[in-house]
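Turn these sequences into a full structure, and let the hints steer you where they fit.
Protein chains: 2
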Amino acid sequence: MPRLLHFSLDPASRRIRLALAEYGVTHDATEERPWQAGPDLFAANPAGTVPVFIEDDGSAVCGSEAVSEYLEETRGADQPLIPGDALARAEVRRLVSWFDTKFYAEVSEPVLTEKVIRRFLPRAAGGGAPDMSRIRHGLSLLRGHLDYIAALADARPFLAGPDLSMADLAAAAHLSAIDYLGDIPWADHSGAKSWYQRLKSRPSFRSLLADQLPGMAPAGSYADLDF
Amino acid sequence: MPRLLHFSLDPASRRIRLALAEYGVTHDATEERPWQAGPDLFAANPAGTVPVFIEDDGSAVCGSEAVSEYLEETRGADQPLIPGDALARAEVRRLVSWFDTKFYAEVSEPVLTEKVIRRFLPRAAGGGAPDMSRIRHGLSLLRGHLDYIAALADARPFLAGPDLSMADLAAAAHLSAIDYLGDIPWADHSGAKSWYQRLKSRPSFRSLLADQLPGMAPAGSYADLDF
Numbered sequence: 000m001p002r003l004l005h006f007s008l009d010p011a012s013r014r015i016r017l018a019l020a021e022y023g024v025t026h027d028a029t030e031e032r033p034w035q036a037g038p039d040l041f042a043a044n045p046a047g048t049v050p051v052f053i054e055d056d057g058s059a060v061c062g063s064e065a066v067s068e069y070l071e072e073t074r075g076a077d078q079p080l081i082p083g084d085a086l087a088r089a090e091v092r093r094l095v096s097w098f099d100t101k102f103y104a105e106v107s108e109p110v111l112t113e114k115v116i117r118r119f120l121p122r123a124a125g126g127g128a129p130d131m132s133r134i135r136h137g138l139s140l141l142r143g144h145l146d147y148i149a150a151l152a153d154a155r156p157f158l159a160g161p162d163l164s165m166a167d168l169a170a171a172a173h174l175s176a177i178d179y180l181g182d183i184p185w186a187d188h189s190g191a192k193s194w195y196q197r198l199k200s201r202p203s204f205r206s207l208l209a210d211q212l213p214g215m216a217p218a219g220s221y222a223d224l225d226f
Numbered sequence: 000m001p002r003l004l005h006f007s008l009d010p011a012s013r014r015i016r017l018a019l020a021e022y023g024v025t026h027d028a029t030e031e032r033p034w035q036a037g038p039d040l041f042a043a044n045p046a047g048t049v050p051v052f053i054e055d056d057g058s059a060v061c062g063s064e065a066v067s068e069y070l071e072e073t074r075g076a077d078q079p080l081i082p083g084d085a086l087a088r089a090e091v092r093r094l095v096s097w098f099d100t101k102f103y104a105e106v107s108e109p110v111l112t113e114k115v116i117r118r119f120l121p122r123a124a125g126g127g128a129p130d131m132s133r134i135r136h137g138l139s140l141l142r143g144h145l146d147y148i149a150a151l152a153d154a155r156p157f158l159a160g161p162d163l164s165m166a167d168l169a170a171a172a173h174l175s176a177i178d179y180l181g182d183i184p185w186a187d188h189s190g191a192k193s194w195y196q197r198l199k200s201r202p203s204f205r206s207l208l209a210d211q212l213p214g215m216a217p218a219g220s221y222a223d224l225d226f
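Protein chains in written order, with numbering that gives the first Met the number 0: chain H, 0 to 226; chain R, 0 to 226.
Cβ-to-Cβ under 7 Å is the rule here; a few derived chain H residues that face chain R:
1) V60
2) A65
3) R93
4) W97
Here are the simulated DSBU-like pairs of lysine-lysine, each with C-alpha atoms no more than 30 Å apart in a straight line:
5) K101(R) with K114(H)
6) K101(R) with K192(R)
7) K101(H) with K114(R)
8) K192(H) with K114(H)
9) K101(H) with K192(H)
10) K114(R) with K101(R)
11) K101(H) with K114(H)
12) K101(R) with K101(H)
13) K192(R) with K114(R)
What follows is a list of derived Cβ distance ranges for each label pair:
14) G219(H) with A218(R): 53 to 59 Å
15) R142(R) with R122(H): 26 to 32 Å
16) W185(R) with W185(H): 51 to 57 Å
17) G83(H) with G190(R): 40 to 46 Å
18) R135(R) with G125(H): 16 to 22 Å
19) R201(H) with S220(R): 52 to 58 Å
20) E54(R) with G214(H): 50 to 56 Å
The hints are simulated quantities; they were obtained by calculation from the structure and are not laboratory data.
The structure displayed is predicted, hence computed values, not measured ones.
Built from N, CA and C at the ideal position, the CB exists for glycine as well.
Here you go:
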């Protein structure tokens, strides 16, 4: 069976978990902590990052961009997640990059680093109390992204066009990691909320909703489909 | 004629310029300064970033991942730059991500921000004297990347395998931006140097070697093929 090396709250890993479930690829998942990458992770990926997808024969595919395109090429024939013509596919990839680059830099990276990773780091490596100003700034920028999701979901059935795509999975992956912490102001963002409800109700979401980080339980409504 | 919105010393833009030249796509290039993105750039790309590739009919493809895959799908039939089977293509994308993510964070972003972008920013937006410690740290990490390039080029004809690929163009794009500043210790890295000499000699490199940033001439050997 193929293997996935991932970290539960890593948005890039979450997108690939959602994609594997949508494609119907059963796999073994191994949790890694990329900020303390060990020899096994470095052996699979010289960059020491997750996600890494490993085929039965040991061939490793490293990083969310490479894994995403690889799965689409090898498992995406029946239900593509980068669907349509070249321009439609470019729109999917533009939005994936919006979330993996811009949303990540502005929201996921500061919030997850300060609230999650800093708990696990030794003090000498930057562990300790979170920098609240970075969290507040990230969460203030989150609101613009929720408005952007609402605008896209208002104009199209799914974020990148008529069909579910990697763009929806990327957005949902990032939001779900922040939602684990209870930090999404859903009440103020009904457009983004109704799009997220549709995504969260898909069977592909179940494994994410069962996540339990040791010592850090999810927020109350994290796994609730009627949040 | 298609248009490319780019910034001369932006490594992601440089990779797309190299790819366009390798594919033989003639285009008009418009210089943008993404740190002061104006209405034209935001109209083409809501993220306000470069590169953006714009077809004759006005269709815009935004961001280096989307542009790269789009050009391969629409212009790559004769000479692919993401060549081979799915695993070979995954290796190309792993290395593109190595340079666009890891090399960028460790080397290109600090060195280019401190030495180039800070010159153009108003003081209130962070302009002024460079932070020399960030530059020194970036240039110290550059050495490991040069060793990695040498190891790959020693094991294979090109970085990702038997053929020229986006991996070579990504690595060359980042190195060439640092080389514009004269900051690559070529004398200590003969393996990386001989690979770079091969890339730099390709006709696709000519437009990069002619770059002249206003008020900031390139280092002496930047355009010299026998450096």
